[in-house]
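Produce the complete structure using the sequences and hints provided.
Each residue of the sequence shown is one higher than the one before, counting from 38 in my numbering.
If you are wondering where the hints come from, they were derived from the structure by calculation, not from laboratory data.
What you are looking at is a predicted structure, and each value in this text was computed from that prediction instead of being measured.
Do not rely on the hints blindly, as some may be mistaken.
Said to hold, decoys possible - Derived DSBU-like pairs: lysine-lysine, alpha-carbon spacing no greater than 35 Å straight-line:
1. K56 / K106
2. K56 / K78
3. K106 / K78
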Amino acid sequence: MRVVAVVQARTLSSRLPGKVLAPIGDVTMIERMIRQLRGAKTLDEIVIATSDDGSDDELAGMLAAVGVKVFRGDLEDVLGRYDAASEWA
Numbered sequence: 038m039r040v041v042a043v044v045q046a047r048t049l050s051s052r053l054p055g056k057v058l059a060p061i062g063d064v065t066m067i068e069r070m071i072r073q074l075r076g077a078k079t080l081d082e083i084v085i086a087t088s089d090d091g092s093d094d095e096l097a098g099m100l101a102a103v104g105v106k107v108f109r110g111d112l113e114d115v116l117g118r119y120d121a122a123s124e125w126a
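Written as structure tokens, this is what we have:
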């Protein structure tokens with residue numbers, strides 16, 4: 038059995054827009070999370086589930102550049118993104 042971490046991330050947060058790209062020290066919040074997940078010995082893969090909205094293009098590009106799989110789905114359907122990303126992985 039494969040173990041996949043599916044992490045929901047988007048830049049249009051209502052309380053703190055762009056928080057996933059906000060710097061924490063020398064890296065962004067999402068990069069910090071990815072570093073932590075990459076250290077997990079029981080994970081086979083990491084997939085970031087984000088929206089197909091243009092506001093998440095920068096996030097998707099940055100993640101692809103560092104070798105993280107990115108699934109893009111409907112902006113308004115968070116549960117659908119999780120479900121589709123887990124099937125896609």
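Evaluation of the provided hints:
Restraint check for K56 and K106: the C-alpha separation of about 20 Å stays at or below 35 Å, so the hint holds. Note on K56 and K78: the hinted pairing holds, with a Cα-Cα distance of about 27 Å set against a maximum of 35 Å. Distance restraint check for K106 and K78: the Cα-Cα separation of roughly 18 Å lies within the 35 Å cut-off, and the hinted pair is therefore satisfied.
When the structure is compared with the earlier hints, no violation turns up for any of them.
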